[in-house]
Amino acid sequence: MIPCIEVIHQLWDYLDGELSPERANAIRSHLEVCAGCRAVSEYEEAFLSTIRGLVDDPPPDEELRHQVIAALERHGYRGHTE
Amino acid sequence: MTASSTDSARASRDAAFAAEALPCLPQVARFARTLARDPSDAEDLVQETFLRAYDAWATYTPGTGCKSWLFTICRNIYLRELRRGARMLATDDPEGEAMASAGLYHYAVERGLDTMFDRVDLGPAVRQAIAALPDEYRDVLVLVDVQDCAYTDAAGVLGIPLGTVRSRLFRARRLLQQSLLAFAEDAGLVSRSRQTVGAPPADELEGPRTS
Numbered sequence: 045m046i047p048c049i050e051v052i053h054q055l056w057d058y059l060d061g062e063l064s065p066e067r068a069n070a071i072r073s074h075l076e077v078c079a080g081c082r083a084v085s086e087y088e089e090a091f092l093s094t095i096r097g098l099v100d101d102p103p104p105d106e107e108l109r110h111q112v113i114a115a116l117e118r119h120g121y122r123g124h125t126e
Numbered sequence: 014m015t016a017s018s019t020d021s022a023r024a025s026r027d028a029a030f031a032a033e034a035l036p037c038l039p040q041v042a043r044f045a046r047t048l049a050r051d052p053s054d055a056e057d058l059v060q061e062t063f064l065r066a067y068d069a070w071a072t073y074t075p076g077t078g079c080k081s082w083l084f085t086i087c088r089n090i091y092l093r094e095l096r097r098g099a100r101m102l103a104t105d106d107p108e109g110e111a112m113a114s115a116g117l118y119h120y121a122v123e124r125g126l127d128t129m130f131d132r133v134d135l136g137p138a139v140r141q142a143i144a145a146l147p148d149e150y151r152d153v154l155v156l157v158d159v160q161d162c163a164y165t166d167a168a169g170v171l172g173i174p175l176g177t178v179r180s181r182l183f184r185a186r187r188l189l190q191q192s193l194l195a196f197a198e199d200a201g202l203v204s205r206s207r208q209t210v211g212a213p214p215a216d217e218l219e220g221p222r223t224s
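Respectively, the protein sequence lines represent chains A and B. Residue 68 in my numbering sits at position 24 of the first sequence, with consecutive numbering throughout. Residue 120 in my numbering sits at position 107 of the second sequence, with consecutive numbering throughout.
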C-alpha cells in the first residue's frame, strides 16, 4: 500500500480526476483502509462541493446577448436573423 | 474570388461562429465577471471578447475547445487593459500546499469545524473569499473549480505550465479554506473558549511560504 504522505500529496489531483487510472486506484485502495486519510479526503471533498455548488449564479441576461450580437453585426457578422 | 463566393465564405464562417462560439456566451460572461468584478466592465469585456473572436475565427479549428479558446481571448484582453506586466509568482510547491490543506483539516477537527461545509451555508463567505484572492490564484481556481476546466485546459488559457496550475490551484484552495475557517470562528460556530481570533496562525497551518 502506498504511504499516507503520498496520498495527501496527491489528494487534490485524485479528487480532480487528474491522475492515471493506476494511480487513482492505488489512492482509492488506500482510502478504503486508512481512516485518517479518508477523513481528510471527505473534508476536502465537502470543501470542493461547497465551491462547485456556487456555479449556479444567474446566466447573463438576454440584453447582454443582444448587445453582443448587435456589436458583431456592426462588425459584419450576419449569422443571426432574430 | 467572386462576390458570391466571398458572401458564401462569410455566411459559412458566420454560421460556424453562431453554432460554436455564441453558445459559450454564458460561460464567458461568468468568467468575465470573475475577472473584471465590476458588472459594466465585465459586459464590455464579453463584447470585446466576441468581437476579437469573430475577427480571429479563421485561426480557430472547429471542435477543438471553443470555450477555452474564448477564455484565453477574454483573459488576454483583460490583462492588456489592466496594463499588467507579466508578473509570475515563484510558487512551485503543490505538495507543500496539499500538506498545508491537510493541516487545516486537523485544525478544523480540533475546533469542531470539520463538518462546517455540510451544516452551514457558506455561499456568501465563499464568494467574498474568492473575490479577495490575488488574481493569479483566483484565475486558476475559477477555471478549474467553477468553470470545470481540466488542469491542461487551464494551463492553456492562462499560458502557464501545468505545474504552476497545480501549485496556484492548491494554494488558492488553502487560502479559501483559511478564510472560511476564520469566517466560521468569527461567526461563533465554535466554542468561544477554544476560539482563536482571525485566521489560523501561519506557522501552525501553512506550507512553505513561496511568495
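For the record, the hints were derived by calculation from the structure and aren't laboratory data. From the three backbone atoms N, C-alpha and C, an ideal C-beta is built for every residue, glycine too. One or more of the hints may lead you astray.
Pair by pair, the computed Cβ-Cβ distance ranges are [unchecked claim]:
id, chain 1, residue 1, chain 2, residue 2, range
1, A, Ala83, B, Asp161, 46 to 56 Å
2, A, Arg72, B, Gly136, 24 to 34 Å
3, B, Glu94, A, Gly97, 23 to 33 Å
4, B, Asn89, A, Ser64, 12 to 22 Å
5, A, Arg72, B, Ser21, 52 to 62 Å
6, B, Pro137, A, Glu117, 34 to 44 Å
7, B, Thr165, A, Arg72, 41 to 51 Å
8, B, Pro75, A, Glu89, 34 to 44 Å
What are the numbers of the hints that this structure violates, sorted from low to high?
As far as the earlier hints go, 1, 4 and 7 are violated by this structure, in ascending order.
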